[in-house]
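On the provided structure of chain A, position chains B, C and D with the ligands as indicated by the hints.
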Amino acid sequence: MPISRAAVLDWITASAGAIAAERAALDRLDAAVGDGEHGTNLDRGFQAVLGKLPDLADQDIGAILKGVGLTLVATVGGASGPLYGTLFLRMGAATAGKAELALDDWTAALAAGVEGVVARGKAAPGEKTMVDALAPALAALRAAAEGSGLEVALRRSAAAAREGMLATVPLVARKGRASYLGERGAGHQDPGATSAHLLLATAAATLAREEGRAV
Amino acid sequence: MPISRAAVLDWITASAGAIAAERAALDRLDAAVGDGEHGTNLDRGFQAVLGKLPDLADQDIGAILKGVGLTLVATVGGASGPLYGTLFLRMGAATAGKAELALDDWTAALAAGVEGVVARGKAAPGEKTMVDALAPALAALRAAAEGSGLEVALRRSAAAAREGMLATVPLVARKGRASYLGERGAGHQDPGATSAHLLLATAAATLAREEGRAV
Amino acid sequence: MKKLLNTPEGLVDDALRGFAAAHPDLVTVHFEPRHIVRADAPVRGKVGLVSGGGSGHEPLHGGFVGRGMLDAACPGAIFTSPTPDQILAATRAVDGGAGVLQIVKNYTGDVLNFEMAAELAGAEGIEVAAVITDDDVAVQDSLYTAGRRGVGVTVLVEKICGAAAEGGRALDEVAAIGRRVNGQGRSMGLALTPCVVPQAGRPTFELADDEMEIGIGIHGEPGRRRAKLGTAAEIAELLATPILDDLPFRAGDEVLAFVNGMGGTPLIELYVIYHELARICAGRGLRIVRNLIGPYITALEMAGCSITLLRLDDELIRLWDAPVETAALRWGS
Amino acid sequence: MKKLLNTPEGLVDDALRGFAAAHPDLVTVHFEPRHIVRADAPVRGKVGLVSGGGSGHEPLHGGFVGRGMLDAACPGAIFTSPTPDQILAATRAVDGGAGVLQIVKNYTGDVLNFEMAAELAGAEGIEVAAVITDDDVAVQDSLYTAGRRGVGVTVLVEKICGAAAEGGRALDEVAAIGRRVNGQGRSMGLALTPCVVPQAGRPTFELADDEMEIGIGIHGEPGRRRAKLGTAAEIAELLATPILDDLPFRAGDEVLAFVNGMGGTPLIELYVIYHELARICAGRGLRIVRNLIGPYITALEMAGCSITLLRLDDELIRLWDAPVETAALRWGS
Ligand SMILES: Nc1ncnc2c1ncn2[C@@H]1O[C@H](COP(=O)(O)OP(=O)(O)O)[C@@H](O)[C@H]1O
Ligand SMILES: Nc1ncnc2c1ncn2[C@@H]1O[C@H](COP(=O)(O)OP(=O)(O)O)[C@@H](O)[C@H]1O
Ligand SMILES: [Mg+2]
Ligand SMILES: [Mg+2]
Ligand SMILES: [Mg+2]
Ligand SMILES: [Mg+2]
Chain A
0 MPISRAAVLD WITASAGAIA AERAALDRLD AAVGDGEHGT NLDRGFQAVL
50 GKLPDLADQD IGAILKGVGL TLVATVGGAS GPLYGTLFLR MGAATAGKAE
100 LALDDWTAAL AAGVEGVVAR GKAAPGEKTM VDALAPALAA LRAAAEGSGL
150 EVALRRSAAA AREGMLATVP LVARKGRASY LGERGAGHQD PGATSAHLLL
200 ATAAATLARE EGRAV
Chain B
0 MPISRAAVLD WITASAGAIA AERAALDRLD AAVGDGEHGT NLDRGFQAVL
50 GKLPDLADQD IGAILKGVGL TLVATVGGAS GPLYGTLFLR MGAATAGKAE
100 LALDDWTAAL AAGVEGVVAR GKAAPGEKTM VDALAPALAA LRAAAEGSGL
150 EVALRRSAAA AREGMLATVP LVARKGRASY LGERGAGHQD PGATSAHLLL
200 ATAAATLARE EGRAV
Chain C
0 MKKLLNTPEG LVDDALRGFA AAHPDLVTVH FEPRHIVRAD APVRGKVGLV
50 SGGGSGHEPL HGGFVGRGML DAACPGAIFT SPTPDQILAA TRAVDGGAGV
100 LQIVKNYTGD VLNFEMAAEL AGAEGIEVAA VITDDDVAVQ DSLYTAGRRG
150 VGVTVLVEKI CGAAAEGGRA LDEVAAIGRR VNGQGRSMGL ALTPCVVPQA
200 GRPTFELADD EMEIGIGIHG EPGRRRAKLG TAAEIAELLA TPILDDLPFR
250 AGDEVLAFVN GMGGTPLIEL YVIYHELARI CAGRGLRIVR NLIGPYITAL
300 EMAGCSITLL RLDDELIRLW DAPVETAALR WGS
Chain D
0 MKKLLNTPEG LVDDALRGFA AAHPDLVTVH FEPRHIVRAD APVRGKVGLV
50 SGGGSGHEPL HGGFVGRGML DAACPGAIFT SPTPDQILAA TRAVDGGAGV
100 LQIVKNYTGD VLNFEMAAEL AGAEGIEVAA VITDDDVAVQ DSLYTAGRRG
150 VGVTVLVEKI CGAAAEGGRA LDEVAAIGRR VNGQGRSMGL ALTPCVVPQA
200 GRPTFELADD EMEIGIGIHG EPGRRRAKLG TAAEIAELLA TPILDDLPFR
250 AGDEVLAFVN GMGGTPLIEL YVIYHELARI CAGRGLRIVR NLIGPYITAL
300 EMAGCSITLL RLDDELIRLW DAPVETAALR WGS
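First to last, the sequence lines map onto chains A, B, C and D.
Mapping of the first sequence onto numbering that gives the first Met the number 0: position 114 corresponds to residue 113, and the numbering continues sequentially without gaps.
Mapping of the second sequence onto numbering that gives the first Met the number 0: position 119 corresponds to residue 118, and the numbering continues sequentially without gaps.
Mapping of the third sequence onto numbering that gives the first Met the number 0: position 323 corresponds to residue 322, and the numbering continues sequentially without gaps.
Mapping of the fourth sequence onto numbering that gives the first Met the number 0: position 14 corresponds to residue 13, and the numbering continues sequentially without gaps.
Pulled out of the complex, with its shape left as it was, chain A reads as follows (with noise of 0.2 angstroms):
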């Protein structure tokens, strides 16, 4: 069963509501390496994105990440607003004109997002960053795309997500503000590896749901 436009639709209505959810956390989190919005930050871009959903809604999926993307840009701002948003116009880019998404697409658009932010942001895995999540779960994708079904790719994609965002905390961040830290930043989970992970868990429990369950 291939993702459907719905459950694109889906995701990113219960991405936004992750994140507002888990708002509070996440400025935690950057508030002990940085400063203190992250949250915030993506709160707000998500709740302009569900704002312009219904705008989105009859479009193909790649408009439809294509409109996520643009929207993150320009209402998140700080580091994670380029970021996401790059990852969402590249995902959008990879998935132009789709109804639905076969696994293989999902992992292409993937590989073309997670790409893109390196590509802005030059950020190597192990530099406590979003990537450190987002690499992982690129990897466990493709690893699991040869064999298993989307529900368990999706899965094992989510569950390296969090074992990335997890491996974060001893690290010293090269990369953004936590880097301004040194030695003091290492005991601490990276905010924005902790947002990723929270997309990629969305997406899990959203993306290969029956068509049609909620928009």
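Rather than coming from a laboratory, the hints here were simulated on the basis of the structure.
Treat the hints with care, since some could be wrong.
List time: in silico PhoX-like cross-link candidates among lysine-lysine, alpha-carbon distance up to 25 angstroms [said to hold, decoys possible]:
(1) LYS1/C / LYS1/D
(2) LYS1/C / LYS227/D
(3) LYS227/C / LYS1/D
Footprint (simulated), chain A over chain D, 3 or more residues, beta carbon under 8 angstroms [said to hold, decoys possible]:
(4) 99 to 112
(5) 192 to 202
What you are looking at is a predicted structure, and each value in this text was computed from that prediction instead of being measured.
Glycine included, each C-beta is placed from N, C-alpha and C at the ideal position.
Here is chains B, C and D with the ligands on its own, set in the frame of chain A:
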């Protein structure tokens, strides 16, 4: 036994000590109804007076008291600087050229001083100022002067100052910074009345002692 | 107590040393006794303007010494009026033969010390006049108080009298203009936090996390009353209404609106208050034709603000716009 | 949280409304998307200067829009970089045909958003160059970090590039001057208290009553290390030494000394720090020939200060002295 020059010097020295000891308490009283630095102001002034005393020590009582007044005017600032300055300047003028003071001389000097304070500050009794300690002290001195000796008279004067000081507690201030508080100032003892009592209590403890005790 | 200082006792002199080092083109700073004098004083034939008061209100008054504003400022100890010898020394230093105007905030201590200095200067043959500012509407009944406090309007009096003196007006004229500004100006202030007088080391009052102190002066003294913390709109209303009603300001009045920070409140919040004030003034038909927004008369690190409104006329606008060149206010040339 | 505001969400827009109401002679404020533009923009033939960053640093950047300094400023949410659409709108509004210079503080977020905007503007045929400021010596090893942060020097770059652009210099020349200023300037800051981001409502870090946070930026983020509160002399030494050693500044250098308040620290304390800084510079044989003292690049109500030293030459002095007319800096005419 009249008041000697040495006793006057004693009084000034002991007053400086008493003010220093009560500095924080006076600041606290002033914080409740004013700006919290009456003790600091007076302490700065009396420490400067201590520095001047060696130059004044071999002069007559009038010159000593005038020197104290000039020093207070130049170092205390605030409302209490000109007022206590005037008190001592007028007492100095009233005792010009004298090497010792009979009870009547002391009474006349204090009368001149208090008159100066009232002329400068225009406070009537009951307006919650230093006048509420000074005026009763003067009245008690006048009453005691008819019949009792120096020591008793000074003690009665200090006791009257104390009563006047305590009587400021329920008053609503009409002069000085405390007047801005309106009814909120009631229930607090006036810092200036408190320092005035301190000076007069110290007078009772020092002025009637044998000559030559300490300088 | 968390402050950038060496010792509480040395704070004022250390800051004055910094001020002297920073602005030798504008001022000369004297330490015994303390007074800050315009670099080219005395200006022959010009009325000399002397102000002063307790320290802790910076940039008031030293930051306003320079061409087009004050000729001298006398900084007292923190929150404590300066002494007559300081004021006398400043008066002598700025007397250019046209007399000296004292600008004095109405506090018993300031008034008494300036009065004594005026008596001493008069005895030396220097003509001295005084303008007493008393614009704080939080202190309402002057029969039962030491009179209203002088607060925000003081800055405006210093600027406008400074321009008048620079323009060659005589002592009595400059004094009359100063009294007019004071008479047409009203202020009120509010604190979100107390401040700590360094030598005392304790906050001047205690406020709960959800409380504000209304009707404060600039010395960390408690205000008239305490209330639950309000929104910026409520706070602006609370401060502006008594100001507007007191003069009273009337529809059609042209005014200068001055939103002043108390020292610990950042500019972004002052602009929020200005937004609300502009709305309130528009609602009453007042036209704000000039404004001043920033920390100009402060109470150490106190958080809070005050609002001052001044009714203007053509002459006052001209004098306000005239060039000024001081450490804290600069425009024109 | 004690602030003068209506709602945390509305703070930036309310303050911008106040700013618009206060300075219509200097700027036009747009809200969708947010950008503050010089009233007479675009100035034909002049290089347009665009800066911006998170709000909460006022007067930076909006307070520096006007003749002789910035053409536009893009205020983001509190402590959050502005978005590309804001920067693009500002770029279009100030392009007078001679190209647009972005002045960007080196934070990942600011850099990425300005980069995206530059790409979009470039696609529209507007020539765009960028100066990235990265003067904060608290962040020492740029190989293992996002590079040094841009702090105090940003104000100086904006003033000096503003004068160069006003003087008719071409885009690449103005950019080169900006890079020279950044290259010759160094900063370091310190906090006595944290600040509270309004939407979070909690202090960004906790400090004991006798502690200070050293090597902070301007976003309430924790610093490099924590130490026992020192005297002003010790603090000035602590901040100045790494600055002096880093460039390094040398005996005989002529410098501009900038003592900046973080928002909650009153002016009197900044002058104490300036006094100590002047002493330290004199001890090293540096000549402070220009200075700036006050809260110009702040972190909401944070108490603390930063020091910036800039090595000057004749051209930079001339550009620094050139007239400027903005809400927060004004001189000359
Ligand atoms: N160069 C980068 N590449 C990838 N991710 C980054 C980079 N810099 C920062 N991030 C991510 O952005 C997150 C912070 O986002 P946010 O708090 O919204 O922005 P800011 O740091 O500008 O306040 C970090 O936790 C990190 O995961
Ligand atoms: N007009 C006045 N006449 C007499 N005493 C006064 C007057 N005004 C104030 N005082 C006295 O001065 C005291 C305050 O002194 P101080 O705190 O040193 O000065 P300030 O009020 O200027 O800070 C008051 O407690 C009061 O006793
Ligand atoms: Mg952040
Ligand atoms: Mg007092
Ligand atoms: Mg006082
Ligand atoms: Mg941020």
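Status of the hints after comparison with the structure:
no.	hint	result
1	LYS1/C / LYS1/D	holds, 18 angstroms
2	LYS1/C / LYS227/D	holds, 11 angstroms
3	LYS227/C / LYS1/D	holds, 11 angstroms
4	99 to 112	holds (count 5)
5	192 to 202	holds (count 4)
No hint from the list above goes unmet by this structure.
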